[in-house]
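Asks: Residue numbering for the sequence shown follows the UniProt record's numbering, beginning at 1 and increasing consecutively.
Among these hints, one or two may not hold up.
Derived CB-CB ranges, DEER-like [as the list claims (entries may be wrong)]:
#, residue 1, residue 2, range
1, Val11, Phe158, 32 to 40 Å
2, Ala191, Ala101, 22 to 30 Å
3, Ser153, Asp22, 18 to 26 Å
4, Met6, Ala89, 27 to 35 Å
5, Arg205, Glu15, 23 to 31 Å
6, Arg39, Ile203, 22 to 30 Å
7, Ala82, Thr28, 33 to 41 Å
8, Thr177, Glu55, 12 to 20 Å
9, Arg124, Gln188, 19 to 27 Å
10, Arg29, Thr177, 21 to 29 Å
11, Pro152, Asp182, 43 to 51 Å
12, Glu15, Ile203, 33 to 41 Å
13, Asp178, Ala101, 19 to 27 Å
Please keep in mind that the hints were generated in silico from the structure rather than gathered at the bench.
Note that CB positions come from ideal geometry on N, CA and C, so glycine has one too.
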Amino acid sequence: MTEQTMKIDPVRLAEAVAFAADKHSDQTRKRAEGDSRPRIPYISHLMAVSGMVIEDGGDTDEAIAGLLHDYIEDVDENGADALEQRFGARVRDIVIGCSGAKKEEIPDFRTRKQTYLDHLTATRDPATVRVSLADKVHNARSTVSDLETDGPSIWDRFNAGVEDQLWWYISLSAAYTDHANDGRADAQRAAELRRLVDRMTEISRQ
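Put together the whole structure using the sequences plus the hints.
Replies: Shown next as structure tokens:
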């Protein structure tokens with residue numbers, strides 16, 4: 001019996017990498033104010049998410065959506081049609097499903113994030129859950145790494161305070177665990193997020 005391998009279209013994926021690198025070229029990952037270390041280009045996060053999606057069994061559309069999951073939220077809020085024209089309706093739909101409301105639309109942090117949680121809980125699309133989970137795991141990995149290096153002061157670079165951020169991650173982890181129990185999320189990836197959130201909470205509340 002031969003093992004099955006998910007086939008990824010290299011031409012389409014390369015086009016999406018170039019598109020994402022161009023559209024996010026002026027963006028970097030968050031650093032604390034006064035941190036003198038070089039800023040990390042944002043494309044590193046997008047490529048990490050896409051790679052995780054592939055590891056978890058995602059197809060080409062899902063891998064592309066991983067690269068573009070922040071496009072509508074951070075680059076062009078009216079860009080859904082452009083995504084459809086270039087990468088197809090399924091990629092567009094996954095990206096829309098992974099996009100949250102802007103701070104300008106819902107200023108209060110918990111109210112804004114609750115709208116995302118409500119949508120995440122309601123979705124029945126495994127592709128959207130897979131991309132969203134990969135995004136949150138990579139963010140959590142980066143946050144835990146920074147916490148272990150610099151301590152709880154890293155929360156100063158975020159708009160919301162530590163308790164709001166922990167509430168957000170704990171709530172996300174619970175939602176993905178429910179999806180994993182129902183077969184819509186990779187169980188090992190959901191468990192990884194739980195471990196990261198536990199570690200995040202432990203360091204932050206020391």
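Asks: Please go over all the hints and tell whether each is borne out by the structure.
Replies: So, going through the hints one by one against the coordinates:
1. Val11 to Phe158: 32 to 40 Å: About 38 Å separates the Cβ atoms of Val11 and Phe158, which means 32 to 40 Å holds.
2. Ala191 to Ala101: 22 to 30 Å: With Cβ atoms ~28 Å apart, the hint holds.
3. Ser153 to Asp22: 18 to 26 Å: For Ser153 and Asp22 the Cβ distance comes to about 34 Å; the hint is violated.
4. Met6 to Ala89: 27 to 35 Å: violated, 21 Å
5. Arg205 to Glu15: 23 to 31 Å: violated, 44 Å
6. Arg39 to Ile203: 22 to 30 Å: Given range 22 to 30 Å: holds, Cβ gap about 23 Å.
7. Ala82 to Thr28: 33 to 41 Å: violated, 23 Å
8. Thr177 to Glu55: 12 to 20 Å: Holds, since Thr177 and Glu55 (Cβ atoms, about 19 Å apart) stay within the stated range.
9. Arg124 to Gln188: 19 to 27 Å: holds, 21 Å
10. Arg29 to Thr177: 21 to 29 Å: holds, 26 Å
11. Pro152 to Asp182: 43 to 51 Å: The hint (43 to 51 Å, Cβ to Cβ) is violated, given that Pro152 and Asp182 are roughly 34 Å apart.
12. Glu15 to Ile203: 33 to 41 Å: Between Glu15 and Ile203, where Cβ atoms are some 40 Å apart, the hint holds.
13. Asp178 to Ala101: 19 to 27 Å: holds, 22 Å
In the structure shown, a violation is registered for the earlier hints numbered 3, 4, 5, 7, 11, in ascending order.
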